Amino acid sequence: MNESEVLTTLKILIIGESGVGKSSLLLRFTDDTFDPEQAATIGVDFKVKTLSVDGNKAKLAIWDTAGQERFRTLTPSYYRGAQGVILVYDVANKQTFQRLDNWLSELETFATKHDLIKMVVGNKIDKEGREISREEGLKFARKHRTLFIEASAKTKEGVQCAFEELVEKIIQTPGLWEADQQSGLSLGKGITDAQQSCYCVL
Amino acid sequence: MSEGVSGEETKGAASPIKPNHAELVKDGKNSLTLQCERCGCVVLRPGSAKFVQKELFLPHMKKKAEGTDPNGETLSDCWLVDDMYTFDNVGFTKNVGTSKYLICADCEIGPIGWHDVNIKNEFYVALDRVKHV
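Protein sequences, first through last, are from chains A and B.
Residue 110 in the working numbering is what sits at position 91 of the first sequence, and the numbering runs on without skipping anything.
Residue 106 in the working numbering is what sits at position 102 of the second sequence, and the numbering runs on without skipping anything.
Among the hints, erroneous ones may be present.
What the hints assert, rightly or not - Derived pair list, reagent style BS3-like, types lysine-lysine, alpha-carbon separation capped at 25 Å:
| # | chain 1 | residue 1 | chain 2 | residue 2 |
| --- | --- | --- | --- | --- |
| 1 | B | 54 | A | 76 |
| 2 | A | 173 | B | 54 |
| 3 | B | 66 | B | 30 |
As the list claims (entries may be wrong) - One side of the interface only, derived from the structure: several residues of chain A facing chain B at Cβ under 8 Å:
| # | residue |
| --- | --- |
| 4 | 61 |
| 5 | 63 |
| 6 | 64 |
| 7 | 65 |
| 8 | 118 |
As the list claims (entries may be wrong) - Just the calculated beta-carbon pair ranges, DEER-fashion:
| # | chain 1 | residue 1 | chain 2 | residue 2 | range |
| --- | --- | --- | --- | --- | --- |
| 9 | A | 100 | B | 70 | 46 to 52 Å |
| 10 | B | 35 | A | 155 | 51 to 57 Å |
| 11 | A | 174 | B | 23 | 44 to 50 Å |
| 12 | B | 74 | A | 197 | 34 to 40 Å |
| 13 | B | 32 | A | 147 | 55 to 61 Å |
| 14 | A | 152 | B | 101 | 43 to 49 Å |
By construction, these hints were calculated from the structure, which means they are not laboratory data.
The structure displayed is predicted, hence computed values, not measured ones.
Positions of the beta carbon are idealized from the N, C-alpha and C atoms, including for glycine.
Generate coordinates for the entire structure from the input sequences, incorporating the hints supplied.
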């Protein structure tokens, strides 16, 4: 396939409480140089990233809430048109897990595409003092029919996988995206797999 | 930062293209892949951006020697892109006034370029802030 052929462009949001590591997830996507001292003085608003999944190339615009979560309700324009959402909690902070319900209902209110794909990410598994077990996370994800993964932006575990799974799922959902160039289409085997739970085992 | 043999900056919109920049332009576009200087992340593919001269004042990427403007420098050789999805990988900072700075999407070094939020279809990358491979 021609390198420049891109199947589609997708809008992905990363939401969750302050301090759960949303920005780090955004950074860790394709990168191997995680910097704990990262001193972004201005702060990152969003990123455009190119990702290959099953031989399809997708361009993602990934939006971080950029601190707006402190005002509790994000602006509706932030949600508009999103095809995928990554809901992040900190496995060592129970409150951030409990708040996921609120984030889901906000999503319900403002998302314009109601079949958008959701993924719950239990972050910071490298940290001591876990408060939410993997099973609890899985149970929540099953209940709300979302994808689920545990990750650590610090050790890179799971991060790339989270984005790939999400994009794969979006591409498998007809009507959620539009092909930029028909010729680039080459859907993989997984298209008939109707079950929503493809867990990434690491 | 590498300086061209006679690549001294001249002020004014008509500043000549730096000699080491001319060879990077083919049919008015970038002949090579643009990558992050630090981590090699691909920013733009060959032939995807237009060469233009526009004076951009960008904060320094690296700490500068004494005697230079501590706030930044003016660069005029740029790559212009009219759609943000043309980029393979790029990051945007939050607004500074009406500007957003472009940064590496992976390691976040920057600014490598500039965008005015009021001009939807203009994204500039400074030739001196990326490597051409």
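Requested in this report: Sort out which numbered hints this structure fails and list those numbers smallest first.
Outcome: 2, 3, 8 and 12
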